[in-house]
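A.B. asks: Okay, so the sequence shown: first residue is 7 according to the working numbering, each after it adds one.
Please note: incorrect hints may appear among the correct ones.
Computed list of lysine to aspartate or glutamate pairs in EDC-like fashion (alpha-carbon distance at most 16 Å, straight line) [stated by the list, open to error]: (1) Lys13 with Asp33; (2) Lys116 with Glu80; (3) Lys13 with Glu109; (4) Lys135 with Glu109; (5) Lys116 with Glu94; (6) Lys98 with Glu140; (7) Lys81 with Glu94; (8) Lys152 with Glu107; (9) Lys83 with Glu146; (10) Lys81 with Asp33; (11) Lys27 with Glu94; (12) Lys13 with Glu94; (13) Lys152 with Glu94; (14) Lys152 with Glu109; (15) Lys116 with Glu155; (16) Lys81 with Glu140; (17) Lys153 with Glu94; (18) Lys13 with Asp82; (19) Lys83 with Asp31; (20) Lys153 with Glu80; (21) Lys83 with Glu109; (22) Lys98 with Asp67; (23) Lys153 with Glu117; (24) Lys152 with Glu80.
These are computed hints drawn from the structure, not numbers from a lab.
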Amino acid sequence: MSLQFVKASTSDALTLNGISKRAFDSDVQVGAPSAGGPPGYMSVSYHTKMARTNHLYMLTDNGLIVGGAILFLEKDKLNIGRIFVSPEHYRKGYGVYMMQEIETMFSNVKEFVLDTPIWNVRTNAFYTKLGYVEVSRDNEFIYYIKKCE
């Protein structure tokens, strides 16, 4: 396994879009009322825009793109807009690796923030396991934070 987590280019947007669509559509297996995802999750133009504006990242394993992330740096806070892994590569440690790499790449921030749907038992357990703490919730989402030392 040779993993690399790097900024994606616009030429990676099509591949990352396909992975995003498959990953978020698979959430029906963990409580989603239907296939779907966050805004732009299946839009090539959205992923292209995110790459062009330096918000799109990708995880490769021996050169194969296996996942991605959309990240927004806001002064001393990093908003983890989303991370996604190709469903055929679930349970191989890629999600944990990406989160660790994100925290290392942005070690200068004071906090990491993210949200995830209330119904998603997989992601809620995942973020809690990684040390993220629930700070609030509404009818749809749980909001998490991880403060840096």
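A.B. asks: Would you mind marking each hint as holding or not holding in the structure?
C.D. replies: Hints, verified against the model:
1. Lys13 with Asp33: Between lysine 13 and aspartate 33 the Cα gap is close to 25 Å, so the pair fails against 16 Å, i.e. violated.
2. Lys116 with Glu80: Given pair lysine 116, glutamate 80 holds - Cα atoms ~11 Å apart, limit 16 Å.
3. Lys13 with Glu109: 15 Å, holds
4. Lys135 with Glu109: 15 Å, holds
5. Lys116 with Glu94: This hinted pair is violated, its Cα atoms lying about 34 Å apart.
6. Lys98 with Glu140: 25 Å, violated
7. Lys81 with Glu94: With a Cα-Cα distance of about 36 Å, the restraint between lysine 81 and glutamate 94 is violated, given a limit of 16 Å.
8. Lys152 with Glu107: 15 Å, holds
9. Lys83 with Glu146: Since the Cα atoms of lysine 83 and glutamate 146 sit roughly 23 Å apart, the hinted pair is violated (cutoff 16 Å).
10. Lys81 with Asp33: 32 Å, violated
11. Lys27 with Glu94: 13 Å, holds
12. Lys13 with Glu94: 22 Å, violated
13. Lys152 with Glu94: 29 Å, violated
14. Lys152 with Glu109: Holds, at roughly 10 Å.
15. Lys116 with Glu155: 8 Å, holds
16. Lys81 with Glu140: Roughly 22 Å separates the two Cα atoms, so the pair is violated.
17. Lys153 with Glu94: Violated - the C-alpha atoms of glutamate 94 and lysine 153 are around 32 Å apart, more than 16 Å.
18. Lys13 with Asp82: 20 Å, violated
19. Lys83 with Asp31: The given pair, whose Cα atoms are some 29 Å apart, is violated under the 16 Å limit.
20. Lys153 with Glu80: 14 Å, holds
21. Lys83 with Glu109: The given pair, whose Cα atoms are some 11 Å apart, holds under the 16 Å limit.
22. Lys98 with Asp67: Judged against 16 Å, a Cα distance of about 11 Å means the pair holds.
23. Lys153 with Glu117: 4 Å, holds
24. Lys152 with Glu80: 15 Å, holds
The structure is inconsistent with the numbered hints 1, 5, 6, 7, 9, 10, 12, 13, 16, 17, 18 and 19, although it conforms to all the rest.
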